[in-house]
Every structure is written in structure tokens, then in C-alpha cells.
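Visitor: Here are the chains, one letter per residue:
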Amino acid sequence: MMARILALLAILMAAPAAAQLRVDITTGIEQPMPIAVPVFPTPQNAPTEAGTTAELGQQVAGVIANDLGGTGLFRAVNQNAFPRLTMATVTAPAFEPVRTSGAQALAAGAVTASGGVLTISCYLYDLFSEEQLVRQEFTVTPAGWRRAAHKCADLIYSRLTGESGYFDSRIIYVAESGPATNRVKRLAIMDQDGANHRFLTSGQSMVLMPRFSPVDETVSYLSFAGNRPRQMLYNVATGQQRTIGDFDSMTFAGRFSADGRKLVFSVMRGGNSDIYSYDIATATPTRLTSGNYIDTSPSFSPDGRQIAFESDRGGSQQLYVMNADGSDARRISFGNGTAGSPVWSPRGDLIAFTRMTGPAFRVAVIRPDGSGERLLTDAWQDESPSWAPNGRVILFTRTERSGRAGLRSVDLTGRNDRRIATPMDASDPSWGPLLK
Amino acid sequence: MTERSALLFATLLHLALFAGLSLELAGRLPKMLNEPDITPVEFVEIADAPTVTEPPKPSMEASPRESERPAPAEPEPEPPAPPAKAEDTAPQDAIVEAPKPPEKPKPKPAPEKPKPQPKLDTGALAALIDKSKPQAPVKPRETSQFAKSIEKAIPKNAQLSAIQAATLEQSIRAQIAPCWNPPLGGEDVAQMTAILRIRLNRDGSIAAPPEFVSQTGANAGNQAYARAFVETAKRAVLRCSPLELPDNLYAFWRQFELNFDPRLMT
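These protein sequence lines map, in sequence, to chains A and B.
Sequence positions in the first sequence follow our numbering and run 1 to 436.
Sequence positions in the second sequence follow our numbering and run 1001 to 1266.
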């Protein structure tokens, strides 16, 4: 008896140190995280070909705030709500005055011009732990200041979310103008935020389906120059282009493999369409599907082992996944309506596609095993999905009932559906890789 | 209907488990402590009830052949003619048109510091769960954990009734959850959890920086995400402090652990 009492006493005396109440936090909030992006100071206001360093300091902060805000995950706090930073305080900011603005993080930096180049420094602080989370410097020509700002925004985004960034990237698409009977379609390219827009083709002949290589500045597209459809490879940096393949019949512009070495596309013969992979270096096509079906819109998985495509082999247009050698095709889309234009996420976890139910086209995602289908948009006609390089955002074409078509982006939650401004009607976008 | 029956089965199993544990505790406690109040464990679980709600079943019936869009060849049909703008005459490539700046996000008023809420609306949050995603199997909860920790924590003459215990847990949860902005975009978010140890002063302020205890779901391929995840949890605690908790129960919340698990949000 005495021993038991002693044991009990021992337990009770040891208890306070061992006490461990554990509370599960299973929900949180899904509001954008407030972040302070003050004007980047400059040690000395110097003129550059892109404006003075003081002006650039303001513009760089604007680009970063716009990039981060555009994700729907962050919200830039009004710059008047906290003190301006100086060259001295950029590296050692007072946290309390910024924290009272409601911000949780501080993105800071400075712009310095020297010897014809700009150095843009970039710092990120956690306003609650009061730690510097990351810092980096980018050296660019003055004309390249936007890229440095995007790089800084990518750095901040990836540090705070743990995902890779996507701001320093470009979009290629088909710019459309003129009446339906004589529609002019030109290739156009711009930064992912719509800046630096330019046309790549004159519009004298039609172009369709531009697709960015995931590794470099090569674009594949379908040219109708001379009224003959041909697959082209075009280098955006050098302007060089060449015809690929030598098919006696209609081919549809392919998508690159993740290493940029292969293309997959479909070749139409009669009423039949089959999928081919094409080795760019050796110019060797390999036929992957056969039979009396319309097999089209192929897209490689990021590991190159599988290909998603659409086919009517089951009686209606649906999504299928097969091995990269064409074997073991299995249907993955079911449900109401038909499904087309599958595009494998660069992350590998999802396939984006167009879900067609009656007249409505919507952008949706599905897992490669056919589970977890989700609609991300809900408008009249949304189609032609293309993934951001980090696999979190999808670019697509929205056609209004009026017939006007434009570009939009939506994130995987489906709640951040945004217009991407283009100078004229736009369709068939392809998001390029993160620039180096 | 297999999902429904599986959920039902799981729920029954849980109930059976709780009952068993409660009985066991009820049997033991009087011997260890002369605190007859401390028995019902179920109160803790009440707050988690939405976990068991069944999501609507995604309709995955195979569709028979449809012919609304027969054999689509790839170029999509041209959209109807828009009102044509005749600005498009130059044949050269060098036309540069200033694009409109992308739409700016609408500024929202700065959020006030979240106040402790009497009750967390877990039902509404659960309703946000993606309906078409099959519900991940619900992890078995360590329901006995809380009761055991109370049992151990009780100094000689302290009294913490089960209701007080449940209220304390509820209060902590209701104050931390509105400050937690979990990074839901990560590929591995469904498996990711993090446990932090919290030490508070008597006024509810943080006595020491939140201490990382452990994490699940982290692997060699998602280190950046795992780190960002833990940081959001730490930030939530720092943002929401000081916590407002009953002074007379300070012995029980002077130090505790928070398990951050966004499962209900993904």
C-alpha cells in the first residue's frame, strides 16, 4: 500500500513537466497574405536608359506587388501604411512599424546603377519571427529591369509558399483580328504579366497552336504559309525557324516532351487520326496509335513515360493515358459530356483538359488515374489549357457569347480567375518555361 | 454507396473505441486520483464532428456514347465574328503595341486582428472542401491523448473538469485557426502536418518562440514546402498572441502542443 502511494506521488510530482496538452488545428484561413513591398531605395538617383534609378525603384516594387498579388495568395499592403525604407534600413528594417500595417512579410530591396548595369537587390523578412528569410542580387541591363523584378518576386513567392515561381516567364499565343470570313491570326509573345508584347508573324498566313518548349526558347506551331499546313520549329531568341517532319497529310502541332527533345502530335489521314512521337535531333517519327479512331491532342507526362491524349475509340471523345511507346491505353475521363485537349501538369500530379457538356466548355483537372476530376472555371466557352511552369496556374482561352476571345488564368483552387490583357482578341495560349 | 458504408463503419469503430477507452479510463482513474469528474473523453471529439460528415459523392458514371461533338478535328471552329477593328494592316513583325496593364487585385481593408471566437465554424469550413475529391481516409485520432495529458498535468489540488478541458482546447483552436494561412497549393499538402510546442506567459503572451517538435509528410523532394509549412504555423501563433485563456487554468495552458493539419481544407 505504501509503495503504491509513493508511486502515485512520484507520478504526480513529475507530472507538471511532462504535461502536454495537444490541440489539433485542422482549419485555417484562405485569405491572401498581406505583404509590404515598399519602394526600392537607391543610393544615388542616377539616370539610366530605362529611367532614373529612383523611378525604377518605384516600378520594381510595383511589378513585384503585381506579380505576388496576381497569384491570389498575397495582397500588397498600401505603401503609405508603413515608413519608406532607406539604403540603411533595407538590410536592417524596423519590423514593428511595418507589422502594424497588417503585413506579415516585408519584401524589400534597392536599385543601384553602376557602369551601365543595374543591380537590384532583393530581401524578404518575416515580420513575426523577425528573421531575414532570403536575399539575392540581380544584375541586369537597365532595359532588363522588369526581369530582375520578376526574379525577385519569384524568389519571394517560392520562399513563402515552398513552390517554384513562375513570374519570369513568357506566353505565346494566337492574336486574332478581322472578320470571321477573313480572320487574321498571328503569333504573338509577351511576358506573363502582359508586358513587352510583340508579334512574331506578319499575319499574311494563318498560324495555329503555338507550343513553348519547356526547356528553351523554341516554339512549335502550325503554319499555313502557301496554304499548306506544316509543323514549324521557331526559335524566339534568334528568329530562326525550320519545317519539321515530312508528312504527306495534315499534322497538328505537337507538344514537347519535358526535356524538349521530342514532340508528340497527331497526323490526319482520311477520317482517321493517329498519334506520333517525333525525335527532333534525328528527325525520326514513330507511330504510336492505329485503328479507325480519331486519336489526337497528345501530351507527355513530365517523366516522359506516358502520354495523355483524346480519342473517340470508346464512342465519344474522352481522355486516355498510354505508355510512351503507345501500349496500354486506358480511358481516364468519364462523367457527363465529352473531354478533350489534355495537358499534363509539369508537376505530374494532374492533367488539365477541356470538359464539354452540351454547349458549355470548361477548364478542368483530373488525376492521371482518372480520379479527382474538378472543374476550375464556369463560363460559356473556356478551353485550350496550358500550365504555368510551376504547375499551379493554368492559362486558357475564354470565348464570350459575343464571339470575343481572350486569355485568362486560373489557379488550382479555381477561385483566382483573372483576365490577361492583350491588345486584340487572343486564343490558344502556351506558357513558356521560367527564363534562365 | 461503398463510401457511405465505409464511413459509417469507421464512425461506429470510432465510437466503439471511445466507449472502450472511456470505460477503461473510468475504471482506472478513481484508483489513481480522487477526481471523479475526469472521465468523459467524448467532449473533445464533439468539436471534430464535421470530420465525419460525408462529402457528396462525385458522379462518375460512365457516359454512353455522345454525339454532340462528333469527331472533333483539332482546329476548333472559329468563333463568330467579333466587331472587327481595322487596326491590323501592317504586314511586318515589328508592331509593338502597349498592352494594358493586367488587372490589379482590388485592395481589401486590412484585416483586424482576429478576436477569440466563442465557437469555430468548422461546419462552414468543412463545406469548402472540394466536393469531387474522394475524402482521404480519416486518420484515427488519439482521443485518449488529451484525457491522459490532463490526467498527468493535474497538480495535487487542481480541478479541471472535462467540460473545462474541452472548452480550453476549443478556445485555443478558435484563436489560432483564424490566424493560420496554410500553404494549400503544395503538391503534398494532404499529407503535411506539423507539431509546435507553445510556451505562454500568464498574460497569454508568448514566453518563448514556438518550438518545432515534429512533422509528417516531409521528404527529400519537398523540403522547401515543408519549411514554408512550418513557418506558416509559427506565424499563426505569433500573430494571434497574446491568447486569451482562463487565468485559473494557467497550469494547463502554460505549455502545450499544437498539431497543424490542414486536412479539412484540402
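Note that these hints are calculated values from the structure, not bench results.
We treat Cβ as the ideally placed atom computed from N, Cα and C, and that holds for glycine.
Just to be clear, a hint being listed does not mean it is correct.
Here chain B is said to cover these stretches of chain A; the calculated rule only asks that three of the stretch's residues, wherever they fall, bring their Cβ under 8 angstroms from a Cβ of chain B [unchecked claim]:
(1) 117–130
(2) 147–158
(3) 278–286
Computed from the model, here is a short list of chain B residues facing chain A with C-beta under 10 angstroms [said to hold, decoys possible]:
(4) Ile1163
(5) Ile1172
(6) Gln1191
(7) Ile1195
(8) Tyr1225
(9) Ala1228
(10) Arg1239
(11) Pro1242
(12) Pro1246
(13) Asn1248
(14) Phe1260
(15) Pro1262
(16) Met1265
Visitor: Does each hint hold? Answer for all of them.
Guide: Going through the hints against the structure:
Counting residues of the segment 117–130 of chain A whose C-beta sits closer than 8 angstroms to any C-beta of chain B gives 3, which meets the bar of three, so the coverage hint holds. Interface restraint, the segment 147–158 of chain A with chain B: violated (1 residues with C-beta to C-beta distance below 8 angstroms; minimum three). Counting residues of the segment 278–286 of chain A whose beta-carbon sits less than 8 angstroms from any beta-carbon of chain B gives 0, not enough to reach three: the coverage restraint is violated. Here the hint on Ile1163(B) is broken, as its CB sits about 15 angstroms from the closest CB of chain A, past 10 angstroms.
Because the beta carbon of Ile1172(B) sits about 5 angstroms from the nearest beta carbon in chain A, less than 10 angstroms, this interface hint is met. The criterion of a C-beta within 10 angstroms of any C-beta in chain A is not met by Gln1191(B), whose closest approach is roughly 13 angstroms, and the hint is violated. Interface hint at Ile1195(B): satisfied, since its Cβ lies 7 angstroms from the closest Cβ of chain A, which is below the 10 angstroms cut-off. The beta carbon of Tyr1225(B) comes within 3 angstroms of a beta carbon in chain A, closer than 10 angstroms, and the hint placing it at the interface holds.
Contact between Ala1228(B) and chain A, as hinted, is supported at the beta carbon level, the nearest pair being about 3 angstroms apart and thus within 10 angstroms. A hinted interface residue such as Arg1239(B) counts as satisfied when its beta carbon comes closer than 10 angstroms to some beta carbon of chain A; here the least separation is about 6 angstroms, so the hint holds. Proximity of Pro1242(B) to chain A is violated relative to the hint, the smallest CB-CB distance being about 14 angstroms (cut-off 10 angstroms). Given hint, Pro1246(B) at the interface with chain A, is violated; its Cβ is 13 angstroms from that chain's nearest Cβ, farther than 10 angstroms.
Contact between Asn1248(B) and chain A, as hinted, is not supported at the beta carbon level, the nearest pair being about 15 angstroms apart and thus beyond 10 angstroms. For the restraint placing Phe1260(B) at the interface with chain A, the shortest Cβ-Cβ distance is roughly 5 angstroms, inside the 10 angstroms limit, so the hint holds. Hint status for Pro1262(B) relative to chain A: holds, with the closest Cβ pair at about 6 angstroms, below 10 angstroms. Because the beta carbon of Met1265(B) sits about 6 angstroms from the nearest beta carbon in chain A, less than 10 angstroms, this interface hint is met.
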